Amino acid sequence: MEGFKNLINTIASPTILFTATMVLFFFIFPLNDWFDKWNRRLKLHLLWTKKAMIIAALLMAGFFLFGLSDPDFRSIVLKPDNVPISGLIFLVYFFTWLSMHQAYQNDERLENGEKVDEHYDAPNDKALVWPDLVYVEFIALILCSAFLLVWSIGLQAPIEEPANPTESPNPAKAPWYFLGLQEMLVYFDPWMAGVVLPSLIIIGLIAIPYIDRDPGGSGYYSYKNRKLSIALFMFGWLVLWDMLIIVGTFLRGPNWNFFGPFEYWDIHKLEALTNINFSEYIYVKWFNTGMPNNILIREIWGILVLLGYFLILPPLLAKTWMKDLFARLGSFRYSVFIVLILIALTLPIKMYLRWMFNLKYIIAIPEYFFNF
Amino acid sequence: MTETKTKKSVTKPASQRPPAALGKAKTADEITRRSFFSWLSIGWVAFIAATGSFFTMMLRFFFPNVLFEPVQTFRAGYPEDYTIGEVDLRWKDKYGVWLVRNEEGIYALSTVCTHLGCTPNWLGLEQKFKCPCHGSGFYKTGINFEGPAPRPLERYKITLADDGQIIVDKTMVYQKEKNQWNNSEAFLKV
Numbered sequence: 078m079e080g081f082k083n084l085i086n087t088i089a090s091p092t093i094l095f096t097a098t099m100v101l102f103f104f105i106f107p108l109n110d111w112f113d114k115w116n117r118r119l120k121l122h123l124l125w126t127k128k129a130m131i132i133a134a135l136l137m138a139g140f141f142l143f144g145l146s147d148p149d150f151r152s153i154v155l156k157p158d159n160v161p162i163s164g165l166i167f168l169v170y171f172f173t174w175l176s177m178h179q180a181y182q183n184d185e186r187l188e189n190g191e192k193v194d195e196h197y198d199a200p201n202d203k204a205l206v207w208p209d210l211v212y213v214e215f216i217a218l219i220l221c222s223a224f225l226l227v228w229s230i231g232l233q234a235p236i237e238e239p240a241n242p243t244e245s246p247n248p249a250k251a252p253w254y255f256l257g258l259q260e261m262l263v264y265f266d267p268w269m270a271g272v273v274l275p276s277l278i279i280i281g282l283i284a285i286p287y288i289d290r291d292p293g294g295s296g297y298y299s300y301k302n303r304k305l306s307i308a309l310f311m312f313g314w315l316v317l318w319d320m321l322i323i324v325g326t327f328l329r330g331p332n333w334n335f336f337g338p339f340e341y342w343d344i345h346k347l348e349a350l351t352n353i354n355f356s357e358y359i360y361v362k363w364f365n366t367g368m369p370n371n372i373l374i375r376e377i378w379g380i381l382v383l384l385g386y387f388l389i390l391p392p393l394l395a396k397t398w399m400k401d402l403f404a405r406l407g408s409f410r411y412s413v414f415i416v417l418i419l420i421a422l423t424l425p426i427k428m429y430l431r432w433m434f435n436l437k438y439i440i441a442i443p444e445y446f447f448n449f
Numbered sequence: 059m060t061e062t063k064t065k066k067s068v069t070k071p072a073s074q075r076p077p078a079a080l081g082k083a084k085t086a087d088e089i090t091r092r093s094f095f096s097w098l099s100i101g102w103v104a105f106i107a108a109t110g111s112f113f114t115m116m117l118r119f120f121f122p123n124v125l126f127e128p129v130q131t132f133r134a135g136y137p138e139d140y141t142i143g144e145v146d147l148r149w150k151d152k153y154g155v156w157l158v159r160n161e162e163g164i165y166a167l168s169t170v171c172t173h174l175g176c177t178p179n180w181l182g183l184e185q186k187f188k189c190p191c192h193g194s195g196f197y198k199t200g201i202n203f204e205g206p207a208p209r210p211l212e213r214y215k216i217t218l219a220d221d222g223q224i225i226v227d228k229t230m231v232y233q234k235e236k237n238q239w240n241n242s243e244a245f246l247k248v
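Listed in order, the protein sequences are those of chains B and X. According to my numbering, the first sequence is numbered sequentially starting from 78. According to my numbering, the second sequence is numbered sequentially starting from 59.
The set of hints was computed from the structure by calculation and includes no laboratory data. Keep in mind it's a predicted model, so treat the numbers as computed, not measured. A couple of the hints might just be wrong.
[To be verified] Lysine-lysine pairs mimicking BS3-like chemistry, simulated, CA-CA at most 27 Å apart:
(1) X:186 / B:362
(2) X:150 / B:250
(3) X:236 / B:362
(4) X:247 / B:250
(5) B:250 / X:186
(6) X:150 / B:346
(7) X:198 / B:346
(8) B:346 / X:186
(9) B:362 / X:234
(10) X:198 / B:362
Turn these sequences into a full structure, and let the hints steer you where they fit.
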């Protein structure tokens, strides 16, 4: 048992957890034909069968039940604040499974020349709003109200002492839906993670229908028609948003350190986290010259790296790996698409740079509130 | 032309009018083009006056007659009250200041994290300030070394009064990244 708990704690360390997720992710949600081939070869498409769903749900429930025997796990998971997040894990899994299940079913039907499940056969498929729809909605409403009532009686609202600006709770956690942003704030300047990136998330979501104008596969669930779109969206949604919420809820402890799910939340847990800026790496560690006084000379390397990332990478990708996409989207839509994707990818890139090299900022100009 | 016509057709009741003229005829309580515009302008003037005064009130709200701000300057006792090598927490709750005494003197650190403004905790065992919000860490000097905080904690003006007491003035801020810590008022030599 202790061995298993230690194993889980090890796996839950950020580098291992994120690497495993990121590698597995695009095999489970194949990005293109190459990944799709491997998805079929590794039999990962069977994940969307009913049997796999039941097994996975049982495994997850079993893990939670087993975990509850551990006092550290119990104290985190049964905290009234965190109970909904445990529920969220199951709900997100179930609805992801449901949509992927329907998508793969439709893909199969289309391959066999059949009509999709959502095909509307007038007038045989006609249903009346009243009573067919409203009746079901009414039942759902009553059940949800009853559930919320029981929940609100059963779990105490975590009301704490009056707010005090000089005493931040340790750990101080954002509301659950902002934990992704809070995690982002660990790796970025507050201006970037608090203002620029959240705005870009919204702008990016608004831009989706203008970038992806392919009418194929609209109106019904299907995966093979829209591999790239679905895989990228699910990556942003499941890995860069939901997973950060789960990590923020269960794995972030006092002093915002990482803790395994079976680890005691020790306020004095020591982690060597001395961070270094990119310019310090260059001038102090590699050149051994000491930091130059001129801000531009100091930060020129970071600026060059970022310019290369945003200006050289897009045309390079358009010429090589994303040739087809570039031809399909045209230069303007391609540029918007690739810049949004590259900005989204700065988050995992900066996470890894922080975890592996203790890199703080690629460009650090605290004198003018500009850090990236 | 249309105006004179209006005045003439005033008295005719609606029922006596020939059906063909129904759309064009005008009665006393009917809205004419001119009265419509005068009512419209009255409406707009009223609307602008109402919203204008509302926003004036809102703006006025930002400049209260009396400001219940905590005192920005305070006396912090005598230098002998502070132990060498310790971070003093006694002014943290009231004024948001840590006084740190080292071999050479005393400096006043702001308790506001330079990342997003939470209040870090002083961890005596680890000899560092650690912010519970995003994990920023600061040395005893206030210099940032862990987590996302982009710059060191700020220092406040610290001087001696005539009676030998320490005076901390929070209105004067000294930032390391602007080379202001060398200022004689950022550090009280004892």
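Under the constraints set out in the numbered hints, which ones does this structure not fulfil? Failing hint: just 4.
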